[in-house]
Amino acid sequence: MTQDTDSERSASGACPWVSRLSDHIDGRLDPGTDAQLRTHIAACEECESTIAELRRVVAMARTVGPIEPPASAWPRIASRIRSGAPMRPAWLRMSMPQAIAAGLTLAFGSGALAWMLATGQTEQRLPGPEEPTVAALEANLASYDAALAEIEEAIRIQPDDAYLRRHLEATIEARADLVETAARLNLAQ
Amino acid sequence: MARSPVQQRDDGQKEVVLIELERPARVPDDKTQDLDDAARAAGGDVAAFERLYRRHSPRIYGLCCRMLGEPDAEDALQDVFVRAWRKLALFRGDAAFGTWLYRVAINHLLGRRAARASRPELNATNAVERLPASGPRDRVDLRVDFERAIRRLPEGARAVFILHDVEGYTHEEIGEMLRVKPGTSKSQLHRARMTLRQYLR
Chain A
1 MTQDTDSERS ASGACPWVSR LSDHIDGRLD PGTDAQLRTH IAACEECEST
51 IAELRRVVAM ARTVGPIEPP ASAWPRIASR IRSGAPMRPA WLRMSMPQAI
101 AAGLTLAFGS GALAWMLATG QTEQRLPGPE EPTVAALEAN LASYDAALAE
151 IEEAIRIQPD DAYLRRHLEA TIEARADLVE TAARLNLAQ
Chain B
1 MARSPVQQRD DGQKEVVLIE LERPARVPDD KTQDLDDAAR AAGGDVAAFE
51 RLYRRHSPRI YGLCCRMLGE PDAEDALQDV FVRAWRKLAL FRGDAAFGTW
101 LYRVAINHLL GRRAARASRP ELNATNAVER LPASGPRDRV DLRVDFERAI
151 RRLPEGARAV FILHDVEGYT HEEIGEMLRV KPGTSKSQLH RARMTLRQYL
201 R
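Residue numbers (this note's numbering), protein chains in the order written: chain A, 1 to 189; chain B, 1 to 201.
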């Protein structure tokens, strides 16, 4: 342990370099900082042992494998897709005041764009990754984020409202779909 | 025969080594069969969809278990496959079916996770529970402890750890998925790793 390291220790007693060890393992430190850290590790037993343990965690994560689902799962799925039962009908049944309060109109607007992109309808209307497309995507993502902020605020006020929770879930998922679709559109151009 | 990931070093200490073949993200798809079955399923062929389910459900279920815990995992698995069935018309084969399905699952699970985070009664994992970490353990014990430890991580750190270290997403991708800055994703990952290391001692 170097004298410098001791003098740098935080109030908790941990070596301040410990917080950089994951970045070092993942190769995300700039070369200068990385060289400093390597020098430090050679003199710091705490960092030397911690980095060995972190490497074991990363290696173990890569051995995590699939898990066989319960046998009951497929019959239930088959039953649902054969019956055409809606997966999440409750939020579609929200009253208009609830919907407005939770920013549902924004979600519908963005969802429509996501659907158009996903089904390729915009390919006839938009010439490529032009600014209007990018602007529309950004505007719709901003709408989702604004809607999500509203929903989260509504949930803060009414934490037991099942409608709001389901709407939050659906809006997060719809936003993720839009991001994914936009990424695919970009790759296709 | 599978090689154990736990190796004995010269100094007598155990260490876990990387076994590339066991990484789930690298399990190859039977792409031709998948494309054929996806096309049939999009036309309403439930038997073809069941074949897709048999090939891909263990990976998706593993993800569900780790992200949500077993009580909710089967329900989530059902939702993912029902959702995939309804979206099959949008699958155009420009990515492997397994990759497409995985994104469907991730999007669904992130939505569930966000909704669950708003329910305090289901979000009792802020404190990290300690598991027995000392004493000799065989490979199976080590793996079981590690799986249990992942599921006991706080919500944010667990999601980032699974997406980055298990599934191989970048911090930029994770930041977009979780609506956090990449720097937050990095610090959550470090927090998760620092917590998990105690289970491998």
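Careful, some of the hints might be misleading.
Label pairs and their calculated CB-CB ranges [said to hold, decoys possible]:
1. Ala149(A) <-> Gly43(B): 39 to 47 Å
2. Lys31(B) <-> Ala42(A): 41 to 49 Å
3. Ala135(A) <-> Glu172(B): 17 to 25 Å
If you are wondering where the hints come from, they were derived from the structure by calculation, not from laboratory data.
All C-beta atoms, glycine included, are put in the ideal place defined by N, C-alpha and C.
Going down the list of hints, with the structure as the test:
1. Ala149(A) <-> Gly43(B): 39 to 47 Å: Cβ of Ala149(A) to Cβ of Gly43(B): about 41 Å, so the range 39 to 47 Å holds.
2. Lys31(B) <-> Ala42(A): 41 to 49 Å: At roughly 47 Å between Cβ atoms, Ala42(A) and Lys31(B) fall inside 41 to 49 Å, so the hint holds.
3. Ala135(A) <-> Glu172(B): 17 to 25 Å: holds, 22 Å
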